[in-house]
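On the provided structure of chain X, position chain A as indicated by the hints.
In order, the protein sequences belong to chains X and A.
Here the first sequence is numbered in numbering that gives the first Met the number 0, starting from 0 and rising by one per residue.
Here the second sequence is numbered in numbering that gives the first Met the number 0, starting from 0 and rising by one per residue.
Since no wrong hints were added, every one of them can be taken at face value.
Stretch by stretch, here's where chain X covers chain A in the computed footprint (C-beta under 8 Å, at least three residues):
1) 131-144
2) 287-293
Restricting the straight-line Cα-Cα distance to at most 16 Å, the calculated cross-link-like pairs of lysine to aspartate or glutamate (EDC-like) are:
3) 20(A) to 148(X)
4) 116(X) to 321(X)
5) 266(A) to 274(X)
6) 326(X) to 26(A)
7) 20(X) to 148(A)
Simulated restraints, written as ranges between beta carbons of each label pair:
8) 215(A) to 30(X): 17 to 27 Å
9) 34(A) to 253(X): 20 to 30 Å
10) 91(A) to 110(X): 45 to 55 Å
11) 91(A) to 182(X): 53 to 63 Å
12) 336(X) to 91(A): 55 to 65 Å
13) 1(A) to 340(X): 42 to 52 Å
14) 350(X) to 180(A): 54 to 64 Å
15) 174(A) to 403(X): 48 to 58 Å
16) 215(A) to 53(X): 36 to 46 Å
17) 180(A) to 253(X): 41 to 51 Å
Derived by calculation from the structure, the hints in this document are not laboratory data.
Note that beta-carbon positions come from the ideal geometry of N, C-alpha and C, so glycine has one too.
Number of protein chains: 2
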Amino acid sequence: MNIGILGLGTVGGGVVNVLAKNQAEIERRTGLQIQITRAAVRDSSQSRICPTDGILLTQDAMQIVNDANIDVVLELMGGTDLSKKLVETALKNGKHVVSANKALIATHGNELLALAKANGVHLLFEAAVAGGVPILKSLEQGLSANKIEMVAGIINGTGNFILTQMRDKGKDFNDVLQEAQDLGYAEADPTFDVEGIDAAHKLAILASMAFGCQLNFAKISTEGISKISNEDTAFATELGYSIKHLGIAKNIDGQVQMRVHPTLIPKSQLLANVDGVMNAVLVKGNAVGSTLYYGAGAGAEATASAVIADLVDIAKGTASLDILGWKTLGVFPNQHKDEIESVFYLRLLAADTAGVLADITAILASKNISVEAVVQKQIDAQNNAHIAIITNFVKTGTINAAIADIQNKDFIQEPVKMIYVETLD
Amino acid sequence: MNIGILGLGTVGGGVVNVLAKNQAEIERRTGLQIQITRAAVRDSSQSRICPTDGILLTQDAMQIVNDANIDVVLELMGGTDLSKKLVETALKNGKHVVSANKALIATHGNELLALAKANGVHLLFEAAVAGGVPILKSLEQGLSANKIEMVAGIINGTGNFILTQMRDKGKDFNDVLQEAQDLGYAEADPTFDVEGIDAAHKLAILASMAFGCQLNFAKISTEGISKISNEDTAFATELGYSIKHLGIAKNIDGQVQMRVHPTLIPKSQLLANVDGVMNAVLVKGNAVGSTLYYGAGAGAEATASAVIADLVDIAKGTASLDILGWKTLGVFPNQHKDEIESVFYLRLLAADTAGVLADITAILASKNISVEAVVQKQIDAQNNAHIAIITNFVKTGTINAAIADIQNKDFIQEPVKMIYVETLD
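Isolated chain X, as found in the complex (with noise of 0.2 Å):
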């Protein structure tokens, strides 16, 4: 099996290392010696993490995915233009493509699951979500007998360091942001970590491969965690929670939601544990109940053992011809987002006079909204009361609608913040 290389960064130079070290073990499972002999990078006199002693070199991409020698290409080079256009040929060509690239996936999946079907090839990207964790492999093998009710993952690395930071050391985001960039775990550019798009590539492709349904990347609802305070981490500890930056995806009866946004999560829930730079996804099917799947959703060697468990299948001929592992594709309506139902986290600042609380909570009776916890902290220097509460299960309209209610009461210092709890069960 001759297999050509895009990109030679981090994850390339993480596949090539994986494979020598691990050629061995990985002859003894397949019975195959798997082998890069092309590798296409931007500059060929730049320094790498891994040898390339015996894989010819090209700066012209295109010459590898038209290459007749290569039976299989890894596209491990991001952006989704180029590589898209590059991924096009090669299946268009009749090569199996493996991709470690979510944007790519999340946003032209449906067209490239599509052509590979058309061309009998395989496309897979077990890498594109949690890196090493072979999630995407769970969902399709391992619980194929059941009707997935939800996905709820910690998907983004960045956005796990920095929350347990600000938990952990009572700091604020952007203190929190920088020393994450200083330790070259957040990008220069932070925007796509901190605002969910990278979460919200992943959560398409986990929602539509534990549903079996086409990508649907432009209907995630998405918020970052630039706004989370230290004062809501405080908050959310002192309650029992833990805030965690998750991408959710539920079936409710049919209809799909897809959001992406921090969560308060019960520190007795698993996922609530889960932290730094660590992802995990938890599964909730209609047989087995709630599955967790944790590793490292970065780096260059897990991020490999993702990529090569995907040649593997390949090679060995496990891997399914079907489009996101399903047979048929079903379609789903999105729930609008006014009827997703959630408890919800509210933050107040209001003018210490009396009968807030109870104007408070009359408007929230008013809705229907039942108040499950609330903590109200000691009056500040400007003389102002510092509440959280905690609201049962109401759907998303109700709660908006309340705090605009609120929000017009003349004590309110600032606006109300509102954070969706998951209680996972």
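Just chain A now, with coordinates in the frame of chain X:
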């Protein structure tokens, strides 16, 4: 595809129920209608958890494994005598077999897998380990790029329930066992669960799939939880650990160690937070790092989820015919028990005479064992000191020699308790 089922109890009934309720979903995934046509039961007049319409019942299981119309046999009856004969016959007759029977696979798997291969049929057993958690498929497929260095699992729900209750309620082993029996979590004869035999069956399977070697149940060193006292659980909590009953297999430079025993795990590790009847397996690969798989280890529908997943893999043709997922099995000698390196917890009851701690630490120091943490509880009515010690990383032979020396001291009032500590790093 015609399926015959052996045993229509909890698991068998669960399979029938899950196939019925998820029929549309499974057909959408596979393009196939999977149906049970025959079932062998001990007593056809018994009441069941599933409907039996359309299933031809028999009390003679041999009829099913010899039925030319049956393509796949589900062995869900348990035991190792009759079930072995039935599985052998089914395989010789060219039928695929899916089994949930860990005892059968752990003790007769080598010959049965060879028989399956010789007959060109599958013998799959995802449900035999950790119920619905797709841990075997993850080892075989998702982690195929890795040299697996360690598996460490909470793989017996009954034991984990008992240890969790002991910790959270400060109760003694026997009280909690009684409670577990009353709740139906533990059998009337709880030996298999609390003495670690069930966990050892599962560990044998995990180790063989992880390392790619023959099943070797006889070589597992097994210790149950019946000797854990509530003093141990309290000390563990005070020292920042949780006591879990783990199955641990490591491949240390080509030498394998397999052991089932109570283990102190740092509370900061996800595995230490897996409570109640839940199961979880941590797998450390040399590319992916540490990954963890969590879910229900028992129950009708959770176990059925794994059985049907195997069935779907056979139906779709995505299962591998290789034994244990390996083209070539390796041969790894077992590491001698004395050579196993670990951190240790020691608990001592000593007469509160001057210099007791100095004497104990002098013995440890004489064997190059250093003390990482020590807690001494207040003197009891008998004027005895209760002492717990966490050591550094040393060989089991070394700690045992030190314990023998300590035990010889006049001030020691009862046998020194030793428990392995796994940092999971």
